[in-house]
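Chemist: Following the hints, position chain B against chain A.
2 protein chains.
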Amino acid sequence: MTDRSFHVYDTTLRDGAQQEGIALSVADKLTIALLLDELGVGFIEGGWPGAVPKDTEFFQRAAKELDLRNAELAAFGATRKPGTRASEDPQVRALLDSEAPVVTLVAKSDLRHAERALRTTGEENLGMIADTVAFLRREGRRVFVDAEHFFDGFAFDAAYSRAAVLTAFEAGAEVVALCDTNGGMLPDQVRDVVLDVRAAAGPDAVLGMHAHNDSGCAVANTLAAVDAGCVHVQGTVNGYGERTGNADLLAVVANLELKRGRPVLARAADGDGGLPELTRIAHAISEITNISPFARQPYVGASAFAHKAGLHASAIKVDPDLYQHTDPALVGNDMRMLVSEMAGRASIELKGRQLGHELAARPEVLSRVTSRVKDAEANGYTFEAADASFELLLVEEMDGARPAYFRVESWRTIVERNGGRGTPAVAEATVKLHAGGERIVATAEGNGPVNALDQALRSALLRVYPELESFELIDFKVRILDQTHGTDAVTRVLIETSDGHTSWSTVGVGPNLIEASWEALTDSAIWGLRHAGVPAR
Amino acid sequence: MTDRSFHVYDTTLRDGAQQEGIALSVADKLTIALLLDELGVGFIEGGWPGAVPKDTEFFQRAAKELDLRNAELAAFGATRKPGTRASEDPQVRALLDSEAPVVTLVAKSDLRHAERALRTTGEENLGMIADTVAFLRREGRRVFVDAEHFFDGFAFDAAYSRAAVLTAFEAGAEVVALCDTNGGMLPDQVRDVVLDVRAAAGPDAVLGMHAHNDSGCAVANTLAAVDAGCVHVQGTVNGYGERTGNADLLAVVANLELKRGRPVLARAADGDGGLPELTRIAHAISEITNISPFARQPYVGASAFAHKAGLHASAIKVDPDLYQHTDPALVGNDMRMLVSEMAGRASIELKGRQLGHELAARPEVLSRVTSRVKDAEANGYTFEAADASFELLLVEEMDGARPAYFRVESWRTIVERNGGRGTPAVAEATVKLHAGGERIVATAEGNGPVNALDQALRSALLRVYPELESFELIDFKVRILDQTHGTDAVTRVLIETSDGHTSWSTVGVGPNLIEASWEALTDSAIWGLRHAGVPAR
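From first to last, the protein sequence lines are chains A and B.
Going by full-length UniProt numbering, the residue at position 83 of the first sequence is 83; the numbering climbs one at a time, nothing skipped.
Going by full-length UniProt numbering, the residue at position 507 of the second sequence is 507; the numbering climbs one at a time, nothing skipped.
One chain only, chain A, in its complex shape (with noise of 0.2 Å):
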């Protein structure tokens, strides 16, 4: 059973967003965080309201449409100004107008900060703590405090910041983490803290750490803080945070429940959920910031539970315990290395049986199909996150042939620019192709490339398949994909289009972005008019 009293608090939308290179839209953070309840965290941090005006526009969005089975949202922000009264802070209101149930207070908990960076005393650097924290309880919420700079402020004047902690503790706090802000201690440093401020605090104070890993400890020191008796634990997934991240959430959680036997994920009561999904979930919070899977990442690294074959493959085979820390798959993880949901022929097996294909009783399409995966993932694809591309290819493994709604004889694109900086550049695109018996050509213009060959090949099948009027495409993402030594990169284009009820996702490979673009495209079509049952014409 998962113990309830133990948090997991997630703040990779507010602290992980620090990251040199992320820069989220709050349609990303809105699907991040139904990631990381399926994962099942207890708390996701979704942002600082009032300071960020993307973070006010995602909590409006999350208290119509965020439809969470589990994990309660935060709002994050800062104590009261100096010398006002928290009610009349405008920045403490916007927390309370993000309708967030939980508010995440930060706090200066160095004596220093407050001086120097607040320009206020300690004294009053407390009453703002005490003054914020019991104004937003008054108001129904509530409160966990982070308390800057804890470690550091401990090291240089530790009655300050142990009172900093009881301030907010006695003002209504449910919670104050305690930060190692510069990220630079030690788990040995970390316990002898926490001991110490449980000491004052009481048996009962929930204690809680938020760690960086500027030392490389950031893992050990939430876990050397957990032995210590904290009770809340604060990280990021992929370690992601500013400079050398944040503690990673995912290795913080697989090592609780594996190695210290304390289930603290949710699950869901099918056992959905959980550290089963910790790898794809990973993956897939990966691809929506963009930033490149470390493959060494404890856990959910595609090279986590790799062996290079050689001395002891056999060994490896008959004893794979002995040579591994974990079973790879309580983490949805692969020792094969194949670290996608797909490579393996009972998840593809799965997997065609929630898009309706049964191929139990077809074990040699379900060869070909697994082959294909495997081929095709080797070669960049992904289709974790293109449905309708492994749709298409299971299907013409079944059918031994995709369904034929078009021939293409050829397409070529144009972008120019006629002048210097600051003209704009104009794009268009012919498409020739074969459909309804006919030979069409058809030429469009588009605000770059891949626009303008969408709107051809719409443009060249609406005759022929009026249906497609009420596609639209509506995201692209493009990744460049490091090959190894000598060979050039790849680029993968996944494309989501919609017809307005539903919407579905596919993939292109290749040298080059406008043909992997085109892949996508076409792919997209047959599909949607596969789903709308039209026949070929």
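Keep in mind that the hints were calculated from the coordinates and are not lab data.
Please read these numbers as outputs of a predicted model, since none were measured by experiment.
Treat the hints with caution; some may be incorrect.
According to the in silico footprint, chain A covers these stretches of chain B (three or more CB under 8 Å from chain A) [claimed, not checked]:
| no. | stretch |
| --- | --- |
| 1 | 41-50 |
| 2 | 186-195 |
| 3 | 215-222 |
| 4 | 275-287 |
| 5 | 293-301 |
| 6 | 438-449 |
Glycine included, C-beta positions come from ideal geometry on N, C-alpha and C.
Modeler: Structure of chain B alone, referenced to chain A:
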């Protein structure tokens, strides 16, 4: 003074080379060995002579060519085969032939591995350890023993694992390194086991630690072992290694020197080498392994000391030590301010100073730059990963115009495919521009439209600016930025260019991917020429 009785033992060339995607030539290994020696490690494990032909050659060439100022070379190998004599085992003889002053023997210390992988008895395995160690000692070598799978073995049968260690010491081993081969330990377990072994082996026994990062705790596990009495640490540069990698030796030594006050790296008589070289050497080695550096790597990563939050920029300027766990100069790294969404005047001023432009005395320029950066970021630009574009913007505001190396009249790119699925597409581009007093028209092909434009621009400019010859596009990132409902998406392109010595990044944004790429390509050429001191011709 460096503690010479403490061993920093590097195994990048042996265990690190097990990483997927690393393939080192003998010349690569010799170069890396020199860099490791410069860093000041005590021991360099060069490979497994006799088992790996390239490693045999490495030791042959090292004996003749490698002039190490401090480090000793170690040859890695295994205990003799069951049922033979060490003196007659060709693999053991190859260790002698390597002429390495130190031999590190891997020995089974988990009873299950002795029985199931070696298919021998526990007793014979102990005999193999005793016999092989004693033989090599008689031949005048220093002998270290890697007790493989020690921690898992200890959990299964502590008495047997302890006996393996004691046998090695009794036979004359100078060091026994306890190996967490499967990498799943946590620091408290490591500490308890090391304390147990120390009690059994006596206070003078030299124990070492060899950690892998499967639980995300390799660095902390190594420190826990040192705290419990180990005086020999093994690891690899950048944490290279199989699966999740080995303990990152760089983070281990930085933590020992900076956080434990324990100087462990040797310095040259002139003070050269050691920790201040950490970042440079980490990056130099990643050039040789051709593994992209991990930006979030502790101490040496490009982001390790980068700050994003514009809010605190003014405070960081005054009190940098309140915002960093250690002075980046101590490890040869640099504090870097990221120009980000929250860009304030203070962070732009600081950024300008880092790039060598003093803006404090020119407040009107600072205002214009700040306002342009804010506008640009609102339109999708990001300068945190595009220093070169930021500097061009700065220079434009300081000098009134950007450097006028060339004037573009027009460009065009065409991508076409004449055939159905499977036919390759072809891309070409034409650029018309004015430079060096001429009008130049150049056309080039490429594997995609951006590559074709890059080739055509380069071809057009080369006759006027031969300096461009050395520039190479080394990374290309594309991101589609979702805009809010109802507006078109914009595309952001980041390009990294290298001239073989340094690399720089530029950004382009537009509704059209090709247009955005063109902007980043031309900025890259301009920045590179300006940086090389080339005058506009």
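Chemist: Each of the hints needs a verdict: does it hold here or not?
Modeler: Here's how the hints hold up against the structure:
Only residues whose beta carbon comes within less than 8 Å of a beta carbon in chain A count, and the stretch 41-50 of chain B has 0; fewer than three means the coverage is violated. Only residues whose beta carbon comes within less than 8 Å of a beta carbon in chain A count, and the stretch 186-195 of chain B has 3; three or more means the coverage holds. Evaluation of the coverage hint for the stretch 215-222 of chain B: fulfilled, as 6 residues show C-beta separations to chain A shorter than 8 Å, against a requirement of three. Figure legend: the stretch 275-287 of chain B, annotated as covered by chain A; annotation inconsistent (0 residues with Cβ-Cβ distances under 8 Å, at least 3 required).
Counting residues of the stretch 293-301 of chain B whose C-beta lies closer than 8 Å to any C-beta of chain A gives 7; at least three are required, and the coverage claim holds. For the stretch 438-449 of chain B, the proposed coverage by chain A is satisfied: 3 residues have a C-beta within less than 8 Å of a C-beta in that chain, meeting the threshold of three.
Consistency with the previously given hints fails for numbers 1 and 4, ordered from lowest to highest.
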